[in-house]
Amino acid sequence: MSVVPAQQSGGAGGTSGLYDVLELVLDRGLVIDAFVRVSLVGIEILKVDVRVVVASVDTYLRFAEACNRLDLEAGPHRSPGLPDLVGEITEGGAEHGARGKTKGALSGAAQAVSDAIHRTPGEGESRGRGTAASRRKKEETE
Amino acid sequence: MSTYVYCITRSGDAGPLPEDLTGVGDPPLPVRQLEQDGLTAVVSDCPGRLRPKRRDLLAHQRVLTEVGRKSAALPMRFGSIAEADDDVRDVLREHADSYRQKLQQLDGRVEYNIKAVHQQEAVLHHVLARNADLRARAEANRRAGGGTYEERLQFGELVAAAVRECETEDAEAVRRALEPAAEGVRVGPESTGWFVNLSFLVTQADAERLLTAVRRLTDELPHLELRVNGPLPPYSFTDA
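Protein chains in written order, with the numbering used here: chain A, 23 to 164; chain B, 1227 to 1466.
By construction, these hints were calculated from the structure, which means they are not laboratory data. Hints are supplied without guarantee of correctness; some may be wrong.
[Stated by the list, open to error] Estimated spans, in silico, between C-beta atoms of each pair:
| hint | chain 1 | residue 1 | chain 2 | residue 2 | range |
| --- | --- | --- | --- | --- | --- |
| 1 | A | Val53 | B | Thr1438 | 16 to 26 Å |
| 2 | B | Gly1334 | A | Arg91 | 33 to 43 Å |
| 3 | A | Arg59 | B | Glu1377 | 22 to 32 Å |
| 4 | B | Asp1316 | A | Ser61 | 18 to 28 Å |
| 5 | B | Arg1319 | A | Ala77 | 18 to 28 Å |
| 6 | A | Ala56 | B | Gln1380 | 50 to 60 Å |
| 7 | A | Ala77 | B | Arg1356 | 15 to 25 Å |
| 8 | B | Thr1438 | A | Asp49 | 48 to 58 Å |
| 9 | B | Glu1395 | A | Ala77 | 11 to 21 Å |
| 10 | A | Arg59 | B | Asp1359 | 47 to 57 Å |
| 11 | A | Ala77 | B | Gly1371 | 50 to 60 Å |
| 12 | B | Glu1377 | A | Ser61 | 42 to 52 Å |
Ideal placement from N, C-alpha and C gives every residue a C-beta, glycine not left out.
Looking at chain A on its own, in the form it has when it is part of the complex:
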């Protein structure tokens, strides 16, 4: 669990904030029929995959692999023991042991996106973690 702090500055200054609201700038806001809109053809800004579930053979194998690595008895971060854990969930409580430490592949993907956005023109190729989609996006948004 983590909460990205709200950008009290209004989010105008940094490009990191831009990625998170890109789809709002491009897809929301008032549209007036009498005005022309700039073409967005070819933009794939929204195709950045940091979500856990995307149904594919790769995902299934990745999940199986990740589950094999999970220590179900001890819990991944603390040691509540499985019976305790199940009990807590049944009671509607929260399993705090998992907080904040389990980013792994997901935050890696998010970081790649953030790298792509932060990269300034002429800085050279990305650092090898960007997906094809994020590289495309990077090119489009520069």
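Let chain A serve as the given structure and place chain B on it in line with the hints.
Only chain B this time, still in chain A's reference frame:
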């Protein structure tokens, strides 16, 4: 020369723009105001070949934020271009009543956008913890040294279904927890990047209430990662 439109405000609300405020274009073009029927459009010249580049997207956002700091502003979608200043004035004249009404509804309000993703390891642990059958399969696979390709595939598919079910439940939980703190809610564009994308309209005074609800929610659902962005111009509420 065509005219790029950033937002619409009520004349007199915003006062003069900061002198150094610039908009889209390279070099960035100066921003100016067009007044008509008590409304003011914040505009600049439009560069010859405008594309949604990072620099220009940021410029658009910067102008909206700057103007919105002092007055209610109706944000235009990025890339709204009129043929000339007079066409902007025509639009203001024609729709003055409707714009004034929207500006009144948005006065003193900001948008917070909240996205949620699952953290992989935590959500897998979460779904296994509450599903005995999946746990048994995981154990069996592990004892068999990971299981055959077929077994892993089948198991992974079941886990994916369980995670998706968890997404549906958590999406509902997020909305339920945060909706009461806001005046309005809009569902944001879908993407594979997140499974919750909601925008909330709040008065500036109520923003803390929303953020408190966010903090409570993340305590309750520790396998969620919530990304909060705001205060933003009310992009998602211009149809209010």
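Do the Cβ positions of Ala56/A and Gln1380/B conform to the proposed distance bound of 50 to 60 Å?
holds (57 Å)
Starting from the hint 22 to 32 Å, judge whether the C-beta atoms of Arg59/A and Glu1377/B obey it.
violated (51 Å)
Assuming the hint says 16 to 26 Å, is it satisfied by the Cβ distance from Val53/A to Thr1438/B or not?
Taking Cβ atoms as reference, Val53/A and Thr1438/B lie about 34 Å apart, which means the hint is violated.
Should the hint that Thr1438/B and Asp49/A are 48 to 58 Å apart at their CB atoms be regarded as holding?
violated (29 Å)
Just to be sure I understand the hint, the distance between the Cβ atoms of Ala77/A and Gly1371/B should be within 50 to 60 Å; is that true here?
violated (26 Å)
Consistency of beta-carbon spacing, Asp1359/B to Arg59/A, with hint 47 to 57 Å:
Distance hint for Arg59/A, Asp1359/B holds at roughly 51 Å.
Taking 18 to 28 Å as the hint, is the beta-carbon distance of Asp1316/B and Ser61/A inside that range?
holds (24 Å)
Pairwise beta carbon distance, Gly1334/B to Arg91/A, judged against the given window 33 to 43 Å:
Since the Cβ atoms of Gly1334/B and Arg91/A sit about 50 Å apart, the hinted range of 33 to 43 Å is violated.
Can you tell me whether the CB distance of Glu1377/B to Ser61/A sits inside 42 to 52 Å?
The hinted range 42 to 52 Å holds for Glu1377/B and Ser61/A, with Cβ atoms some 49 Å apart.
So the hint says 15 to 25 Å: do the beta-carbon atoms of Ala77/A and Arg1356/B match that?
holds (21 Å)
Could you see if the CB distance from Glu1395/B to Ala77/A stays within 11 to 21 Å?
holds (18 Å)
Given a hint of 18 to 28 Å, does the C-beta separation of Arg1319/B and Ala77/A actually sit inside it?
violated (52 Å)
Figure legend: structure checked against the earlier numbered hints; hints not met, in rising order: 1, 2, 3, 5, 8, 11.
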